[in-house]
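Chemist: As given, the protein sequences belong to chains A and B, one line each in that order.
The first sequence finishes on residue 1191 if you use the numbering used here, and the numbering steps up by one all the way, no holes.
The second sequence finishes on residue 805 if you use the numbering used here, and the numbering steps up by one all the way, no holes.
Think of the hints as simulated: they come from the structure by calculation, not from any bench.
In this text the structure is predicted, and so the values were computed from the model without any measurement.
Not one of these hints is a red herring.
Derived lysine-lysine pairs resembling DSS-like cross-links, with alpha carbons at most 27 Å apart:
1. K310/B x K1103/A
2. K1147/A x K310/B
3. K1179/A x K310/B
Covered stretches of chain A, as calculated for chain B (at least 3 residues, CB under 8 Å):
4. 1065 to 1079
5. 1105 to 1119
6. 1124 to 1137
Example chain B residues on the side facing chain A (calculated, C-beta under 10 Å, incomplete):
7. K300
8. R304
9. T308
10. I312
11. Y313
12. D316
13. R522
14. F731
15. P743
Built from N, CA and C at the ideal position, the CB exists for glycine as well.
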Amino acid sequence: MAELVLNVNGARMSVDAPSDEPLLFVLRNRLNLTGTKYGCGEGQCGACTVLLDGRATRSCLTPVAAAANAKIITIEGLEQQGQLSAVQQAFLDEGALQCGYCTSGMIVSATALLKNKRNPSDDEIVTAMNGNVCRCGTYPRILAAIKRAAQHGAEGASQ
Amino acid sequence: MSARNEFEREFFEGGSWTPPGGWQLDRRGFLKLFGGGLFVGLVSAKAVAQEAGRNFGDHALPKDLSAWLHIAADGQVKVFTGKVEVGQNIRTSLAQQVAEELRVAFDSIEMVMGDTALVPYDMGTFGSRTTPTMGPELRNMAGAARQMLIETAAARWNADAATLVAVAGKVTDPKMLRSLSYGELTRGENLVKIVASDDPFTPATAWKIAGTPVPKAQGRDFVTGKHIYPSDVVRPGMMFGAVLRPDGFNAKLVSIDTSAAEKLPGVTVVHDGDFAGAVAPHRLDAQHALAAIEAKWDVPAQPSNRELFDVLKSGSGNGFGDRGQHTVGSVAQAMETADVKAEEQYTVQYIAHAPLEPRAAVAEWDGDKLTVWTGTQRPFGVRDELVQAFGIPAENVRVIQPDMGSGYGGKHTGEAAVEAARLAKAAGKPVKLEWTRREEFTWAYFRPAGLIEIRGGARRDGTLVAWEFHNYNSGNAAIGTPYNVPNQIIQYHSANSPLRQGSYRSLAAAANHFARESAMDSLAHGAGMDPLEFRLKNLTEPRLIAVLKAAAEKFGWGSAKSTPERGFGIACGTDKGGFVATCAEVAVDPATKKVRIRQVVQAWDSGAIVNPDGLRNQISGAIVQGIGGALFEQILFADGRIQNASFGQYRLPRFSDAPQIEVVLVDRKDLPSAGAGETGIVGLSPAVGNAIFAATGARIRSMPMAPRTAAPGQAETVFKS
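All chains should be modelled from the sequences, with the hints used to inform the complete structure.
Modeler: Put into structure tokens, the structure is as follows:
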């Protein structure tokens, strides 16, 4: 067990956790941030994606100690003063979800993409998002949502 | 543990069924819950006749209520149903229908779903039954509530009820320019009405809220991470559990030593017969404890992929029960005179539902009362499993189903619920159990594998004369042919499935459509006819003809010829009240034989459309999900073990697999609404197979059609994906 201080969604949080415990479980089970999901535990589905210093990162494969010095943003941190980020709003506007279990990871991954690339092409979106699985098969709408967010200035990318 | 056929297939494929239990809440309980207002309950017409003239007073409410709604003094409407939301958007589309009949805003409806302590008994959410059954039931109830509110207003104003109208949550008297909101009308009242399930309701042509693209209910909670899925539930003092899994299917525990695990701090080890598990304050601690248990298992020899189809063909077993052979005319005679013949064998491998949220449950005991939060399509079915597992009365068990991370037919059962409850009982604390992806791949159940044999014959002009169709193991759904054939033999043969199998989106309809529509394509080719023309020549069902023509028109069928690099395929079918036609364009790289689905146009008719946006989402999603089973998904197994039990080894459809998709909706406002969650998946695989044939002349008769490597026992296909 180690006393770790994490910077999550702009707040300093201290947790007692084994240093090799995946960040995903620390977020979900010790910090009660359950918006980040477990899907596979091997970095193959993207449901657990969070931003580490702005980079889309699979929290299921990230030991918590490795995140101790990073700015961690989870799905819960994208909304600002009750205002959805451009990507969140675009997912709602396009109806880009069914069961919604992949949605957190999709939105966080898309946020990172749009931060690096303001106006990605369809191919660039597919390449960047191909590690995120939507088992309900909502890909065409998610693609449309990302394009919509890009067009609307992608304030979400400034996170 | 038995790994076979734990499902009564007939149950899922529409057999008759009577609910075993009633609903416990009496009038006093109802008043306690809500403190008055308007209550409308729904029973069968027969039960209403029996209850006629009876004043409910303090009597128990009728036992067979199938749904009910309550309007509170603030005008908020709560609707209670045992159906559950699993991503099919039924929470939204049912609320739309209630809002429509009740004449209130969509937002004033709250759907209370899948909580066995609060909602009337319901068999479960499957078979595309919610829209055609629960939809009309809720509409009836809402219509009755509206009428009762009008009568209440009439009594209060001493007016003629026929002169009053209900609009926008109010009863209005247009003549006297006065109105009362529903909340004002129900305040201080205890209005109870029990209605029959066959009253008339507002026709779809007059719909204002139903029939429109209302966005997903509580959508904001899903994009902000606030929605609580079953695996997100947290209880005070909650611990984490893990269950020891056997080395293979049908294994017997030979020996077990839990002493090392028991010494770990904070850990409770549970061992009872072949069941063993651990409970700890944190997830990893529970897993470490599990790793410290030394267990030896005896795994018996059992079939693998290599023997699969021989096993399925080698005689019926104790499967789901053979169906009688459907025979018309004489296939044998007709085949002798047929000019064009096809004699073909098709196979489909087991595939996994792989819901993105694996099975999860939180169990909490309070004395001999048990509450379990879990993801399931059958909350009452899981309640019954818990009743059986612990020998406690049904009223002591409450199962709560938060809207979950999908199911696709794969979450009918309560494995995680029962396991979590066992662990919680032993630990004396609430326990969360989340299955790992590997557990979900191994210890859930699969879409059945199947072998299908077909003999078909047609005259030179394309008229079908003979059709013989045998399905081994995969199932009975949509086994018949929608084409006019004077001589038919159709039969389902049950088998001893080597793997545990159960419901999957559309059941066997996807496999049966793959085989039938591929064989139809062979016959069209044999007759030298265009596949669309050949189908139309043998169809008279107007709804199927309509979707075929709609899909073909939007796709531009026939406007371009297939080439070795680019093929066009078409398929159609019907099941569970839905009609579908699918056109696919496939690109084939002649050098690498890599197949890519470039474009899919699918036309769909399921009667009156309740929510066109939700419907498009379902149909488009079914197409994408269908790509997996069509091209690359397959369970590899040997010696009682799954060999590709991870997302790294089991390929799922991804962004790069998704084609351009166009959904053409045929809105039949003159017809009742059918369910649309399943049948949209059946057209994709044959349309793609037929497109590959059009491009290359190779007919692929095994699903998946283009896997990375063929399953053992399956001929290597040349195509890759």
